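J.: With full-length UniProt numbering, letter number 334 in the sequence shown gets 334, and the count goes up by one each step, no holes.
These aren't lab readings, by the way, just hints derived from the structure by calculation.
Worth double-checking, as some hints may not be accurate.
Straight line, CA to CA, 20 Å or less: simulated DMTMM-like cross-link-like pairs of lysine to aspartate or glutamate [what the hints assert, rightly or not]:
hint : residue 1 : residue 2
1    : Lys-292   : Asp-357
2    : Lys-202   : Asp-357
3    : Lys-152   : Glu-193
4    : Lys-305   : Glu-321
5    : Lys-189   : Glu-112
6    : Lys-340   : Asp-293
7    : Lys-68    : Glu-259
8    : Lys-186   : Glu-76
Treat the numbers as computed from the prediction; the structure is a model and nothing was measured.
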Amino acid sequence: MKNKWFLPVVLSLIVLALVLASVIFLYLNEQDKKNTIEIDERIKTHVLNVDGKVKQNLSNYFQEGEQKEPVLMHVELGDTVQKGDPLFTYNDEALFSKEKEVGLSLDNKMIEKDQIEGQILAMEMMESDTSSENKLDEIEAQLNWLDSELSKAENNIDILKEKQTQISGKIDELTVKASTDGKVVKLDKAQIEKFSEKAQKKPILVVTDEKYFVEGTASRKQIDFLEEGLKFDAKHVQNKDKSYNGTVDTYEQLAVNPEADTQRFLYQGSLDHHKNLYVGDKMNVKIHLSYKDHIWLPERYVKKKLTTHKNKKKLAHPVKEYYVNKIYGDQVNEEKVKVKRFVNGQYLVVDGLSSIDAIKAFK
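Just need the whole structure built from these sequences, with the hints factored in.
T.: Here it is in structure tokens:
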């Protein structure tokens, strides 16, 4: 009778033990994974999630108010301009009239100089073909007079060129030039006609460099991890299938809301392209913080040791050394790494780790 129930009980206990062992093994294996970091995976997945908005650099140009006449425009809507190109000039009829007058006088003097030089050339040819003494004296006198007239003409030309330079300088002072390369995307002719009004509330001209970028804010804890040059992925909030790549260009260490309890810090990043993007579009941005020789690790994966002696001699200044547990199959070796800084519970390791490494947390 005993054998009838004993065997099933033993078998049940064995099955239960096996199940329990499997559960314990799976649990320990899962815990082991939680305490393990593969560097290649860390590089791919260690990101900072921030919000962003698409923006574009716009250069607004306002005219000064209380003018007697509208400005003289040098560009049209859609024109491409380079930095330093004239955009518009304030009207000064007297100065413009003087510029035309001097320009016309200079043209006339240049024609006069060319004519005199032509006469001199003709007289010199005549002189070489003449043997009569009386005729040669007459030609010589004529050449002397022409040389004198040529000197007068050249002197007048120099004076007119100097006047022209002075006038051009004054006109240049009245001319507003492009501060950057770009394209004229707005030309407000209605605002131009308001030249006599004192208050100029809108720009008469807008130039953009046609470069789109993402701008957003990061929290106080996040801003400590930001660096110029970090790569990011961005997805359009409304159109999830639209993704873009970019680079962090700048970030501010002065909060946009310094008096607030929760401070926010501005960052900007350039985009690799702007197809199907519009200014104001919202983006979800993932900034990649870790890359080759720049790996952020949680504090529990790095051990800090303070070395006070070397070769049985006390050091003048203690040396900080950092170690990680590298996994080699079933073996775990403690190896030295170089740490650059410590921020918000994470160490930045800049030497001693490669993408094929896996490390284990310290207990």
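J.: Now tell me, hint by hint, if it's right for this structure.
T.: Verification of the supplied hints:
1. Pair hint Lys-292 plus Asp-357 holds up; C-alpha atoms about 12 Å apart against a cutoff of 20 Å.
2. Distance hint between Lys-202 and Asp-357 is unfulfilled; the C-alpha atoms sit about 59 Å from each other, more than 20 Å.
3. For a cut-off of 20 Å, the pair hint linking Lys-152 to Glu-193 is broken: about 47 Å separates their Cα positions.
4. Straight-line distance between C-alpha atoms of Lys-305 and Glu-321 comes to about 5 Å, which keeps the hinted pair within the 20 Å bound.
5. Between the alpha carbons of Lys-189 and Glu-112 the distance comes to roughly 44 Å, so the proposed pair goes past 20 Å and is violated.
6. With a C-alpha separation of about 11 Å, the suggested pairing of Lys-340 with Asp-293 holds against the 20 Å cut-off.
7. About 46 Å separates the Cα atoms of Lys-68 and Glu-259, which puts this hinted pair outside 20 Å; it is violated.
8. For the suggested pair Lys-186 and Glu-76, the alpha carbons sit about 9 Å apart, so the restraint of at most 20 Å is met.
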